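Trainee: One-letter residues, chain by chain:
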Amino acid sequence: MGLLSAPFTYAILLLAVPLLAIVLFSFWTQDFMDVNTTFTMDNYREIAEKPIYFSLLQRSLYVSICVTIVTVVLAFPVAYFVSFKVHPSRKSLWLFLITIPFWTSYLIRVFLWKVILGYNGVINSGLINLGIIEEPLTFILYNVNAVIITLAHAFAPFAILPIFVALEKIDRSLLEASQDLGESKLMTFLRVTLPLSMPGLVAAVLIVFIPTIGDYVTPELMGGAGGKLIANMIQVQFLQLNNAPLGAAIAIVAMLSVTAISLLFVFLNRRWLRGRS
Amino acid sequence: MKLRIYALAYLLFLYAPIILLPLFAFNDATIIAFPLAGFTTEWFSELTQNKALHEAVKNSLFIALMTAIFSTLLGICAARAGAMANFPGKRGIIGFVMLPLVLPEIIVAVSLLVILRQVLGVNLSNWTIIAAHVLICTPFCIAILNGAFQNLDPSMEEAALDLGESRWSAFRLVTLPLVMPGIISSMLIAFTISLDEFIIAFFLTGTNPTMPVYIWGLLRFPASLPVVMALGTLLVALSIILLTLAEILRRRGIKRAGGTDKGGFL
Amino acid sequence: MSALITLTGVEKYYGDYHALRDINLTIDEGEFFSLLGPSGCGKTTLLRTIAGFEGVSGGTVMISGKDMADVPPNLRPTNMVFQSYAIFPHLSVAENVAFGLRKRQMSKADKAEAVKEALAMVGLDGYGARAAHALSGGQRQRVALARALILKPKVLLLDEPLSALDKKMREHMQVELIRLQRAVGITFILVTHDQEEALVMSDRIAVMFEGEIGQLADPETLYRRPNSRRVAEFIGKMNFINGTASATDDGAKLLVPGLGKCTVPAEQCPQGVRTGDVAIGIRPETLAILFEGDTAPRHAADAVVDEVVYYGDMTYYDVRVDDVAAPLTIAMKNLIGRPVLEVGDKARIAWDDRALVVF
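Chains as they are written, first to last, in this note's numbering: chain U, 586 to 862; chain E, 896 to 1161; chain C, 151 to 509.
Chain U on its own, in the form it takes in the complex (with noise of 0.2 Å):
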């Protein structure tokens, strides 16, 4: 323990307090200047009765999932790649390729996306160029499909990783055992490499879909007026208009909707697979 403690205490002081901080604001409100501190469900019952807050919390979670989706689906295939069909000695240097936009200026990184889905930008001037459009094409920028694009080439490597490391760990002989007692190549992924990269798979859902509620960087640039989303309302309420209490109650709300939603797979997920077994 005597090592851990200092770790600990520090996440405690400075993660765990103001967790519970947020917590017991959420039940309080903003009194002008003042914070109002009688115990009150006012925030929440706003939140509930002002249609505003249910339809930006629906087109998050709408927008997390999708971006979720995405990212984890066309990841699969490269973590897979790296794991099966590249050389060992190989497989360092392609991690570190994958990492190294994660890594790069995030904020740049998201604004030059507009560059390339944007009215002049990369895609329409190419597809112009090449004869396959007339007309610049629009809905691929300020609006949802523009955050998705962009938050699933953010979260990229955070999906890759995961199901890479539950693919390395596989034993290779269980797969040749597989063939060995007569299932096909893709029965062989079926049955035994899908299984077995089951917990990465878990583990790059978890960690693309819960931090992607909580950009507002994103909608804000390329979300448009029809774009943006749950935590823009939070950092609004609490820069701008400075309240804090409401903004406290909505941060709760929806990292509980993302919670319960999390659970809810990693549940179905374990029934699946003992269903199987």
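Take these hints with a grain of salt, some might be off.
Stated by the list, open to error - Below, in silico cross-link-like pairs of lysine-lysine (PhoX-like), each with a Cα-Cα straight-line distance of 25 Å or less:
hint: 1; chain 1: U; residue 1: K754; chain 2: E; residue 2: K897
hint: 2; chain 1: E; residue 1: K897; chain 2: U; residue 2: K813
hint: 3; chain 1: E; residue 1: K985; chain 2: U; residue 2: K676
hint: 4; chain 1: U; residue 1: K676; chain 2: E; residue 2: K1150
hint: 5; chain 1: E; residue 1: K953; chain 2: U; residue 2: K754
hint: 6; chain 1: E; residue 1: K897; chain 2: U; residue 2: K770
hint: 7; chain 1: C; residue 1: K216; chain 2: C; residue 2: K304
hint: 8; chain 1: U; residue 1: K670; chain 2: E; residue 2: K985
hint: 9; chain 1: U; residue 1: K754; chain 2: E; residue 2: K946
hint: 10; chain 1: C; residue 1: K483; chain 2: C; residue 2: K318
Everything labelled a hint here was simulated from the structure, so no lab data went into it.
Predicted model only: the values in this text are computed from it and were never measured.
Chain U is fixed; fit chains E and C onto it per the hints.
Mentor: Only chains E and C this time, still in chain U's reference frame:
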């Protein structure tokens, strides 16, 4: 083969924005769009004259350095404890320390804002950002340092004790040199994360903005976009250099400790 | 020889787990002593309490008449060869060997000379400049030995030092270790789970089970007169036959079903002479199949060959004898002109009352 083509296409998707960056940084036009107009280094020279930007960069460098030091220190404690004997609740405690890895950053940001501003009444400054960045960087440091510490044969330090060294000198002469590459690698990663972090910094920044917060401001003015491109190019180059260094050191550390590389930072 | 290490009533608990139970033993100066037992029997724990890496929960550890209770490992006159060898990978071979000399008052030249001597002693002349991670398993072990012996400890502790080596190398290093121990003349304490290794190398062996010492004796006594069935079963191979005994003044009369009657002196009854049901132990090599021209045995019986296992130098037969429940294993040397029997062959077997152990 099909899989390889897909993987390469995926890499292209990952690198698409980064490839565009230098194109526009050297492009002689104030609009960020195709077709390209011509070559110029004007945007880079403009960078050198922007006093506000220099201040922001200075702030960010200071924050990143402090974050790197403190989060690595916490990471060393956790990784060393993790490599040592189990005790009840250890997994839970480590899991809790790793929690910021999956927590939405905005939750970390608002909860810290509430506790610092409204409860403690602290004025926001570089130190409030450092406190938050240490929290989110520590899990990454632990992940990297775990690799260094867990590859270490526990009888290595015992052997040093057995040969007459004290506990501290055994750590200094044997463990420290073996995990040093991991420590530097961890500092470089924490430095890179902190330097680039925007979501939390935007909430906790004081009167002096950090570099990402300053860039965020610039993004709203079309006229300043080419300068942002130039700045971004430099940042990407810097990140790649730091990360390459971190990766080389991480691998050397694992090799030195006699382990085999299992890949990746995470 | 005088006692160097004295353990008195040593106990060790890990939480509820009782790892060492009332260990009492003395180890002499210059002795090659082995701690032998199956994994989890506490032998490594005992070694580590002598080295100082584990404290004791009760009892005392004395080295050279001094209580070691408050003496940390770095101040004890013991050095250890670790199971993994724990060669510092960031240092060269010479730096590894010189590691423990750091605090000694010696000139640089003297240190270099000592390292050279230590490397020569373990047969690694000229390896000093090599990188540690480029060494083979056998070489790492020699570096570990040199690194410990250069400090001239009173006791060298060896924790399963040969288990990581292949069979050929292991046999070679057994001989090397014996030679080395004679050359330096200090006490060696070896932990091993390999009974053959312990028998080959040791002056005395403590056989441990579940945290206790089952028997402490020299190799021959241990093999010929095991004091319990579990020691007999752990060391070598032994047949057991259920028989009956009746006590006499100086031994026991035995009725061995299928084989016959005999009398044995009290020293062949390690658990005391008694009347009633007993288990009678016979080692396979003390039984024999009689071939034409063999000298008349002390006792003989009829048997049928049940199983034949050919080892090259030896053949192991399992034979069935009427009234004996399990087949008896017999080890026969494959001498010139001696045929190898086949399954189903009838055989006459010889046995000797002097080789029986009664439990």
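Trainee: For each hint, tell me whether it holds in the structure or not.
Mentor: Tested hints:
1. U/K754 to E/K897: 24 Å, holds
2. E/K897 to U/K813: 38 Å, violated
3. E/K985 to U/K676: Given pair E/K985, U/K676 is violated - Cα atoms ~32 Å apart, limit 25 Å.
4. U/K676 to E/K1150: 16 Å, holds
5. E/K953 to U/K754: 44 Å, violated
6. E/K897 to U/K770: This hinted pair holds, its Cα atoms lying about 16 Å apart.
7. C/K216 to C/K304: 13 Å, holds
8. U/K670 to E/K985: It is violated: about 37 Å lies between the C-alpha atoms, which goes past 25 Å.
9. U/K754 to E/K946: Violated. U/K754 to E/K946 sits at ~52 Å, over the 25 Å cutoff.
10. C/K483 to C/K318: Satisfied, since the Cα-Cα distance of roughly 23 Å is no more than 25 Å.
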